[in-house]
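Trainee: Residue numbers (the working numbering), protein chains in the order written: chain A, 1 to 455; chain B, 1 to 455; chain C, 1 to 455.
Treat each hint with caution, since some may be false.
For chains that are exact copies, the list does not tell them apart, and a pair is met inside one copy or across any two.
[Claimed, not checked] With a straight-line cut-off of 20 Å between C-alpha atoms, the simulated SDA-like cross-links for lysine to any residue are:
| hint | residue 1 | residue 2 |
| --- | --- | --- |
| 1 | 423 | 214 |
| 2 | 216 | 387 |
| 3 | 218 | 405 |
| 4 | 423 | 162 |
| 5 | 292 | 88 |
| 6 | 292 | 445 |
| 7 | 341 | 289 |
| 8 | 292 | 427 |
| 9 | 423 | 371 |
| 10 | 292 | 343 |
| 11 | 292 | 405 |
| 12 | 292 | 436 |
| 13 | 292 | 450 |
| 14 | 218 | 402 |
| 15 | 292 | 153 |
| 16 | 343 | 89 |
| 17 | 341 | 223 |
| 18 | 292 | 446 |
| 19 | 423 | 327 |
| 20 | 423 | 392 |
| 21 | 343 | 284 |
Since the hints were made in silico from the structure, they are not lab data.
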Amino acid sequence: MKLLKTLPLAAAVIVAPSLGFAQEAGAAAAETQFIFTTLLFLMGGFLVFWMAAGFAMLEAGLVRSKNVTMQLTKNIALFSIAAIMYWLIGYNIMYPGDGWIIQDVFGTISPKDIKTEIDAGGYSNASDFFFQLMFCATTASIVSGTLAERIKLWPFLLFVVVLTGIIYPIEASWQWGGGWLANMGFSDFAGSTLVHAAGGFAALAGAIVLGPRLGKYKDGRVNPMPGSNLALATLGTFILWLGWFGFNGGSQLAMGTLSDANAVAEIFANTNMAAAAGAVTALILTQVMYGKVDLTMVLNGALAGLVSITAEPLAPSLFDALWIGAVGGLIVVFTVPLLDKLKIDDVVGAIPVHLIAGVWGTLIVALHTQATLTDADGNPVLDAEGAEQTVGFFAQLITQAIGVISIGLFVFVVSFVVWYLMKLTVGIRVSEEAEINGLDTAELGMEAYPDFTKG
Amino acid sequence: MKLLKTLPLAAAVIVAPSLGFAQEAGAAAAETQFIFTTLLFLMGGFLVFWMAAGFAMLEAGLVRSKNVTMQLTKNIALFSIAAIMYWLIGYNIMYPGDGWIIQDVFGTISPKDIKTEIDAGGYSNASDFFFQLMFCATTASIVSGTLAERIKLWPFLLFVVVLTGIIYPIEASWQWGGGWLANMGFSDFAGSTLVHAAGGFAALAGAIVLGPRLGKYKDGRVNPMPGSNLALATLGTFILWLGWFGFNGGSQLAMGTLSDANAVAEIFANTNMAAAAGAVTALILTQVMYGKVDLTMVLNGALAGLVSITAEPLAPSLFDALWIGAVGGLIVVFTVPLLDKLKIDDVVGAIPVHLIAGVWGTLIVALHTQATLTDADGNPVLDAEGAEQTVGFFAQLITQAIGVISIGLFVFVVSFVVWYLMKLTVGIRVSEEAEINGLDTAELGMEAYPDFTKG
Amino acid sequence: MKLLKTLPLAAAVIVAPSLGFAQEAGAAAAETQFIFTTLLFLMGGFLVFWMAAGFAMLEAGLVRSKNVTMQLTKNIALFSIAAIMYWLIGYNIMYPGDGWIIQDVFGTISPKDIKTEIDAGGYSNASDFFFQLMFCATTASIVSGTLAERIKLWPFLLFVVVLTGIIYPIEASWQWGGGWLANMGFSDFAGSTLVHAAGGFAALAGAIVLGPRLGKYKDGRVNPMPGSNLALATLGTFILWLGWFGFNGGSQLAMGTLSDANAVAEIFANTNMAAAAGAVTALILTQVMYGKVDLTMVLNGALAGLVSITAEPLAPSLFDALWIGAVGGLIVVFTVPLLDKLKIDDVVGAIPVHLIAGVWGTLIVALHTQATLTDADGNPVLDAEGAEQTVGFFAQLITQAIGVISIGLFVFVVSFVVWYLMKLTVGIRVSEEAEINGLDTAELGMEAYPDFTKG
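Just chain A, same shape as in the assembly (with noise of 0.2 Å):
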């Protein structure tokens, strides 16, 4: 998502300034602009809520039948956590610049809602923070894949209330808030770090604290652990694929104009682009090197392809978008054995496509969109033909890797001390004996398929 904008609502009024009725046509436009902005959030809101189901769909198929009660468990709580913690605390902190909101929540005992005020950029308050808030959710959402089949109920959801409510929005305050990475010329359009990588690393420390199943890695081999539905990891890829356009596509934040609906499209198409080589490269190169396809590297392909797009997503072409997604399709066959050898027990797979595809594609941004060069004094600095100059891309990709570093630095080890207290308190991992039974039966007494499974 780029920053908040400040489109000013008499925008419109440019169009026939010299005639008396100006205001009134440019009033009637600015209204259907604000229509429009507000169904794109809309829109791109409700496609990201129905990723919260394509996150429990592919964790639910990936783990084994003992435990899919459980993942089915974390994965609404932790989207209903999500949103209340938002909108309690997250997204105060995260658009400290905003000030409607601040003063209801913390000024007032009973937390007011976002319904009296409009917003200035020419949309509905209302609709950005539906927005807005599945974006947090997502970042929930990916550790809660990794950390799958050996963690606590209550420990976990413990951990989402403080990544919903304080981690993720300080770090994407940073951006998306107007904060100093995006003064320093950051640029990450949907979050392929602020939200993906961002939650690959919670859930990379949650995983080094945690361990590592008992029993994946053995006498020096890995113990494949196969998931029980594949049916439902596919179902809940193409969920994700679904909701991804409304990730992208609605983190133009407007489409009141031709040029922001053209852009939206063009995110449409590049999107699908990435997801699609993301899924063929992890295709060929399965058959190539292991003699079979993989389908879960395929799955785990494609959903790569879309976290290596998001960081920019619409500057590409469409062969820009191929080439990329492929990249992190190629990344997923390559780093999934990797965690492995490192016993580092990522049971979904969401660390190399969130956080590893995440840094890929918010390194590649530099290739496509560069900063404006500036003076001493903030001014654009300018070519002997007028044109602004661009930082190169050498300056723009220090700029992404300081930005992938900061944010990546700041959750890994925030995450790594929330979880490492709650391992020294609380306890974070199930017993023994209701890991071997499942946590289904051992921790919440209800097992997800009890016609099916074997005696």
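Once you've looked at the hints, dock chains B and C against the given chain A.
Mentor: Below, chains B and C alone, put in the same frame as chain A:
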């Protein structure tokens, strides 16, 4: 939903009434409004259509594997029947004031369609029909879950014919067709009572006439009969949650102005909050009460939150939406066991979710929305400063209660009679043998999961 | 879909041509129209994308559990390949009249994208590409179901390359690219023939070359091989039904005027009615003919209803949509056994649903939509009152038949040759052992449901 508005197409003319081109400019703005509102109906409509899939998955997941094919068959059949009956009869009963369709269906032999006329309210008639149809179908979807695992297919579908062709349209016309409840000041924005409680009352009548499943209540104990696929049930819940944005948001019935678009956005945000609060409440309550989180309660908690906010998703603040939804979740946790005490066997928990939470949602409307006080001549009563007076909380609460009771009584009594007549004549319950072996093989000769189920 | 329209961007100018500000006012209206139509393409496009998930779930549910991973792999792979091939070659073949992309792909080394130019028709090129791409992918999705459970992965995907890169774009260009069928007066609104029957003909050729599954037809009897997961199959059907609103509605290709928005709404209503009628017809017919309702027939009945209305979803009344869809349902019930008599093994029933119902839908167009009669100079023939004359039902029927036969022959023959060449060279069928053990373990080494399946 509000009553059908009569927005004159020429409304925009007032923008610049003194200029000769005003009508043309006005017409253009009115056309834009027409498209936005039509689009809202179409988008809302396909989202509510999607709820039919949600009910199918939720119910298929909550019945035992031996009854899954039957449950799926009922769900796709009931939607299809609703689509035909609502066109053939229902829509005309529901909107007696709209002359355009009655003469087409009753006045000629071949039922004509909704094509030729554009609604005076500023949207496409066809889009309105499409949207309204989905609400009728939703009412029927609610019934199928409660009566699962023991009711015969064809008597159930016959009831759907009566419900969608006659019962629902009649009671819905009392409010949305501009009938006596609307005139009395009753308020039910998107149908907590008109759709959800109504469906719940029809289900309750059926459950009483039909009786509980064999062995459900035995020797004074409640015998749990766990659902066969909690992944499907969770998917169904997410689908319903998604569809509800269309259900409540579309019920604004207009998106052509800044104010309406903002209202739709606020409805989306409130709807999401109520669902999240219902889920979190059930999550915490089941942990506290039973020492273990119960996923099916969490799912039903989210749904009850959604039902609770449906009667008024616009006026409440986000904080109000939170506690209104939370009470919905609380209702589920406490009334599911209550029904079992009464030996009313509701397989999926539809009565707590749709009926009881629906009543709650409808009553609490009185807090945020009150009818205007009128004098003997029907004119609004003004206070000293000229502002319109409202009837006050208690008067509105009584009106809400009258609405709930009248609709509840009507739907319950008529449904009871229909169920009872069918019981006396064709019979509504499968044989004991069929129930024990499962409806899928006994009634349909087709298993849902032939490769998986035990021995 | 209609032919690509060439709506001049300045069209709205005529609103008030005598005033000096007309162009500005017109331009604003044109921009609003541009956004609406672009939005229609994007919304339609993501709904049709969702159909890819629908096919995946439908097919995964209708194959035996030992072949589910393979079916899922084929579905996500075919969509991804279609996305790339349609960009690389297909789109240019299909729209030879659109100069803007040919030079980009063939004239330069690095295929450029669809970014720089805005289509003259009043919408974003990128949105059009996104929408059209989904139709190409749908054509390929149809093929995978018929050939399930016995075809090798890579030869199947090679066929998808040819189908989506060459076969589909060529035949589709005859009509939607402004080719000879369009000039002849052939009418296929959203692709009953261009997409559905075409996919069906490609599948039929494959089924003949490939032969039936082992043991399917033995000792003169048809051996039923029931699908492993009817919940998934039902989910897939609901997904397809939902996606079809985008498929047919989006094919209006415009939403910027009251008339176009109303048309989209009518299409939604008709599409829904045809699906419902197809389902109810199959419901009743299977009860009457076999004494038991057959869920898979009901699902395919709904889909056949959808295919039947696709060639003309706008002109028919709701009553017409009902009987057109009902005949689709009837076709399914009668032709599924017919194919078995011919020993053509169509695993999911795609040939009855897409090919035969597609032909039905295309022919019946002649009743509601007839081309304008022209004289020797190509001018419309007018009657005494100056109204344009149409060619009449029989002449249109013959035109429709010519379209169906020419596309059918072309797709069938080319597909047959491709399948046959692959059979002679690389081989298209798995080994007997692999077929018996299931393609999942034999070809992919990965079970879809490792925890559930028997022994």
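Trainee: Determine for every hint whether it applies to the structure shown.
Mentor: Cross-check of the supplied hints:
1. 423 / 214: within (17 Å within a copy, 47 Å between copies)
2. 216 / 387: Neither: 58 Å inside a copy, 71 Å across copies.
3. 218 / 405: Neither way: residue 218 and residue 405 sit 33 Å apart in one copy and 63 Å across, limit 20 Å.
4. 423 / 162: within (15 Å within a copy, 56 Å between copies)
5. 292 / 88: Answer is neither: 49 Å inside a copy and 27 Å across each miss the 20 Å cutoff.
6. 292 / 445: Answer is between: at 7 Å across copies they meet the 20 Å cutoff, but 38 Å inside does not.
7. 341 / 289: within (17 Å within a copy, 44 Å between copies)
8. 292 / 427: Classified as between: cross-chain Cα gap 17 Å, same-chain 41 Å, threshold 20 Å.
9. 423 / 371: neither (43 Å within a copy, 55 Å between copies)
10. 292 / 343: neither (24 Å within a copy, 32 Å between copies)
11. 292 / 405: neither (36 Å within a copy, 40 Å between copies)
12. 292 / 436: between (30 Å within a copy, 19 Å between copies)
13. 292 / 450: between (32 Å within a copy, 18 Å between copies)
14. 218 / 402: Neither. Shortest intra-copy (38 Å) and inter-copy (67 Å) distances fail the 20 Å Cα cut-off.
15. 292 / 153: Intra 36 Å, inter 10 Å, cutoff 20 Å: inter-copy only.
16. 343 / 89: Answer is neither: 36 Å inside a copy and 44 Å across each miss the 20 Å cutoff.
17. 341 / 223: within (12 Å within a copy, 48 Å between copies)
18. 292 / 446: Between. Shortest inter-copy distance 10 Å satisfies the 20 Å Cα cut-off; intra-copy 36 Å does not.
19. 423 / 327: This pair counts as neither: shortest intra-copy Cα distance 36 Å, inter-copy 33 Å.
20. 423 / 392: neither (46 Å within a copy, 54 Å between copies)
21. 343 / 284: Answer is neither: 26 Å inside a copy and 34 Å across each miss the 20 Å cutoff.
Against the hints set out earlier in the document, violations occur for numbers 2, 3, 5, 9, 10, 11, 14, 16, 19, 20 and 21.
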